[in-house]
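Engineer: Listed below are the residues making up each chain.
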Amino acid sequence: MSTGTLDTPAPRPPLTRKDLRADHPTWCPGCGDFAVLASFHRVLEKMQLPHERIVTLAGIGCSSRFPYFVNSHGGHFIHGRALPFASGVSLSRDDLHVFVFGGDGDGFSIGGNHLQHAGRKNIKMTYVIMDNSVYGLTKKQTSPTSPIGFKSKTDTTGAFDRPINPMNTLLASGATFVARSHATQVNHMVEMFERAMKHDGFSVIEILSECVEFFPGAFDTSVPRKGGSFVAIEEKRGDGSPEDANRHDPTNLESAFALANEQWPGVFGVFYQVNRPTKNALEAGLIAKARERTKGASDLDLLRATFNRLR
Amino acid sequence: MVSSTNESPVPGGDIPRQELINDAVIRLAGNSQDGIQTIGGFLARLAGRSDQDVITYMTIPSTISGGPSIFQVRIGTGEVLSAGDQADFLVAFYQHSYEAHIGSLREGGVLIYDTDHVKPNLDDKRFVNFGVAITGLTIEAMGGAAKDKGKNMFTLGLLARMFSLQVDKLRALVTERFGGKDEGILRSALVAFDAGFAYPADSALKRYFKFAEAETPNARPQVTMDGNQAIAYALVAAGVRYGAAYPITPWTSIMEILRAELPKYGGIFVQAEDELAASSLAIGAAYAGHLAVTGSSGPGISLKQEMLGWAVMAEIPLIVINIQRGGPSTGLPTNVEQSDLMQAIYGSHGDAPRVVLAPRNVEDCFHTALEACRIAREYSVPVVILSDQSLATRIEAFDEPDLDAVFVPPSLDLRPRSADFKPYALDRITQHAPPGTRFEGTYPTVSGLEHDEAGHPTANPAMHMKMTAKRREKLKKLAATLERPEIFGEQEGDTLLVGWGSTWGPIREAVRRGRAEGMKIGQVHIRHIHPLPPELERIFSRFRQIFVVEMNDEGLYGFGQLASLLRARYALPNIRSITKTDGLTFKVREILEGVRRLGGDAVSTFSLYPDL
Ligand SMILES: Cc1ncc(C[n+]2csc(CCOP(=O)(O)OP(=O)(O)O)c2C)c(N)n1
Ligand code: SF4
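Protein chains in written order, with my numbering: chain A, 12 to 322; chain B, 14 to 625.
It is worth saying that the hints were derived from the structure and are not from the lab. Small disclaimer: the values here were computed from a predicted structure and weren't measured. Ideal placement from N, C-alpha and C gives every residue a C-beta, glycine not left out. Careful, some of the hints might be misleading.
[Said to hold, decoys possible] Here are some of the chain B residues that sit facing chain A, going by a computed Cβ distance under 10 angstroms: (1) ARG62; (2) ASP66; (3) VAL236; (4) GLY454.
[Stated by the list, open to error] Which chain B residues stay away from chain A? Per the calculated CB distances, all over 12 angstroms, these: (5) GLN31; (6) GLU189; (7) SER292; (8) MET476.
Assemble the whole structure, with the sequences as input and the hints as a guide.
Structural biologist: Written out as structure tokens, the structure is:
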């Protein structure tokens with residue numbers, strides 16, 4: 012048995028993808044979420060994060076079953092509340108790598124409010140939204156990203172509520188890393204994952220992930236194999252070349268919004284990335300300051316002093 | 014009531030009489046911005062430092078801009094159980110204060126009024142009328158520029174003189190409170206105080222009062238605080254370092270304290286975007302291996318129900334605090350009610366057994382919160398603390414807890430686990446391995462879905478039954494360890510008063526008064542609401558009639574919430590209810606009236622078909 016502790020992990024063999032797999036996914040054969048899972052396994056293998064410090068968390072939905080399929084610590088919470096749940100994990104445990112997975116309903120509908128606050132507080136974690144533009148688990152109702160005209164069990168003659176624009180929503184949330192990918196593009200997903208994981212702050216990736224059961228073909232327009240085109244964002248390289256002037260600068264919020272507003276199916280890649288202090292760091296600063304003022308008094312001493320004041 | 018234990022005319026001419034008292038109810042009536050809470054706070058703290066007992070009671074308007082407000086202080090040499098039915102002294106700052114509260118002054122009581130604002134009916138000879146130009150004298154003392162700010166300190170000085178209070182101790186308290194800030198503030202506070210103290214109150218009143226000294230000074234110094242402070246500091250003592258909440262009256266002061274205090278202890282308290290996020294955050298911290306807290310009042314607690322269900326299913330230790338106020342909906346934000354008991358026990362969907370505890374006074378807020386933390390850890394279960402508005406805002410003095418004995422350092426158990434580790438093993442209480450724990454083999458997933466012993470989701474009917482039983486059985490295990498309640502007063506006889514939460518004091522006082530009047534009456538107070546403590550049945554069998562006294566509605570079938578529960582549990586037809594919902598705490602008189610009103614007939618008068 013291992014005798015490792017948090018501070019001195021015992022030496023171990025490198026992680027393989029096999030170590031990272033858990034229960035066989037219960038998704039429908041052909042569901043886009045399989046590819047997302049596969050690329051996540053690939054990134055973990057590549058990055059060799061300490062296995063016990065990987066936490067995968069989720070709300071409710073087909074996509075939110077993700078944590079069961081990764082051999083890591085995991086939490087399967089309630090519908091729409093994965094982000095505050097993950098925030099509690101992240102803020103209280105700086106030693107963990109916190110990942111959150113979920114669907115478009117979970118993230119943009121019932122949990123939409125939480126997205127804004129995780130973004131504005133810049134809580135350190137990576138959030139992956141598998142957008143299938145339909146409610147999968149509850150079997151085909153309109154989702155906040157379903158296109159106008161989409162026929163679902165709650166819109167039998169075609170949806171007419173304007174869909175939200177995920178990228179706009181994510182950029183407006185204040186998230187410090189916002190990217191978009193596609194479940195048919197494994198290499199692209201791996202790259203986005205890797206960059207998101209290395210980002211110090213709230214990183215979000217929206218991944219178009221087809222629900223073969225209830226919205227097949229939803230994203231064909233961005234699948235070359237199906238006659239569509241997958242347009243990747245060309246990022247500024249700073250090489251001084253004339254082409255570079257037209258490339259996207261991910262630190263520029265305005266041009267990120269411009270990309271977000273491009274005609275569906277839009278572009279893929281990193282829309283936005285900046286460094287802003289995380290809530291984790293700011294809270295740690297608050298603690299450090301408070302501790303400085305208390306001059307190293309023990310918890311018990313502090314409490315005694317408080318009670319003395321209450322006499 | 015002022016009980017004159019000794020009237021000792023001081024020899025020598027016209028020196029006023031000193032009246033030795035051991036209990037006084039002082040009601041201060043003004044506007045919320047007059048700082049009457051400050052006067053009350055100083056009086057309470059002084060009592061605490063003088064080995065006396067004290068209970069305060071206040072009403073604040075729920076409007077932002079302030080408005081009529083009272084602060085009542087009852088000080089006693091000996092046990093003080095309630096803030097008092099009637100005032101012995103009424104300080105009225107305004108005409109409206111006088112008119113609204115003169116009815117609460119007992120006959121023979123002293124009315125102290127600001128002659129600059131109040132014109133009392135001086136023909137009313139039931140009271141001793143004592144007018145002082147409080148506003149004018151304060152302005153004069155403070156040099157004219159200060160308007161009437163400082164009126165409260167002037168009044169404190171006046172009361173110090175009237176009650177021969179220990180001025181050194183009071184000045185020390187004032188210095189502690191205002192010192193450190195702007196020096197000018199402390200100076201003017203003391204100037205106003207001294208002016209009040211210099212006022213020859215005793216010559217106008219022809220007497221002054223003095224509290225009897227405590228006969229048996231407490232071995233430990235007393236601390237003075239309100240119920241919310243007691244809960245907050247107990248959580249810190251019990252090793253809680255993480256939590257999250259959203260502001261709502263009267264819960265908010267707990268989150269404000271924790272937000273300010275926890276960083277000193279290396280912890281974090283988050284103001285979340287709403288109650289759903291707050292409880293999710295706290296549960297996240299709990300899942301991460303800490304004991305965490307969330308809390309709210311009525312409407313916010315309703316929002317937390319789905320998360321609470323998750324914590325029950327996942328068997329996560331969590332402290333949930335409900336500072337009850339009047340409901341339903343936004344109800345009575347600044348008034349008291351005990352109408353969330355059923356919600357605390359049964360709220361959330363499904364069979365979701367959790368522990369519910371209710372503190373009985375401020376000191377007990379401290380100990381209940383400690384106990385809640387211990388139970389949550391030991392039984393891996395959410396524990397609800399049901400306090401209420403009156404406990405949250407009332408100040409009491411009590412013996413300082415032995416902090417060395419109760420202190421629990423925070424802990425995070427990350428010992429590595431073997432391959433066959435099962436968090437939800439059926440043969441023992443659930444033990445989680447938080448993230449960060451090294452596993453041999455498969456890592457666990459914690460979920461709101463029904464699961465097997467390893468935590469894997471399952472819809473197997475047999476497993477659901479087993480796990481449902483497991484979650485229920487640990488509460489039964491806990492029940493077996495609970496202290497059996499003691500009976501106060503008559504050990505058997507005619508009437509047993511049963512209560513829970515903040516009604517403890519008034520009920521106890523009612524039993525004392527009832528016995529003095531010859532009633533065979535006793536009291537049992539239930540702190541462990543769910544599960545119930547053992548042996549209640551035996552206690553109930555010793556009394557002819559059982560009245561459950563609680564601040565909620567009698568309901569469709571004539572029973573308050575705890576009464577309904579006890580009826581369901583013990584199937585006793587002689588359990589009946591004394592309830593009220595006026596948003597105010599029980600008066601001792603109201604309880605005894607209830608007993609007399611219902612006393613004669615031993616069986617319920619309730620009929621399912623009242624018209625038949
Ligand atoms: C409070 C609550 N409301 C509703 C549901 C039912 N529900 C489960 S999943 C879901 C939507 C799932 O859609 P999405 O988040 O897009 O995930 P997908 O299944 O498509 O991956 C709904 C409405 C629930 N579990 N909890
Ligand atoms: S219903 Fe759709 S989203 Fe859910 S598993 Fe099947 S294909 Fe995937």
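Engineer: Work down the list of hints and note, for each, if the structure agrees.
Structural biologist: Results of checking the hints against the structure:
1. The interface hint given for ARG62(B) is met, as the beta carbon of that residue sits about 6 angstroms from the closest beta carbon of chain A, less than 10 angstroms.
2. At about 15 angstroms, the closest approach between the beta carbon of ASP66(B) and any beta carbon in chain A exceeds 10 angstroms, and the interface hint on this residue is violated.
3. Hint status for VAL236(B): holds, given a least beta-carbon distance of 4 angstroms to chain A, under 10 angstroms.
4. Given hint, GLY454(B) at the interface with chain A, holds; its Cβ is 9 angstroms from that chain's nearest Cβ, closer than 10 angstroms.
5. Against the 12 angstroms criterion, GLN31(B) stays outside the reach of chain A, whose nearest CB is about 28 angstroms from its own CB.
6. Its closest Cβ contact with chain A, about 8 angstroms, brings GLU189(B) to no more than 12 angstroms, contrary to its assignment away from the interface.
7. Here SER292(B) does not stay apart from chain A, with its beta-carbon only about 8 angstroms from theirs, under the 12 angstroms limit.
8. Remark: the non-interface label on MET476(B) is consistent with the geometry, its nearest Cβ contact in chain A lying 16 angstroms away (cut-off 12 angstroms).
Consistency note: the structure conflicts with the earlier hints numbered 2, 6, 7.
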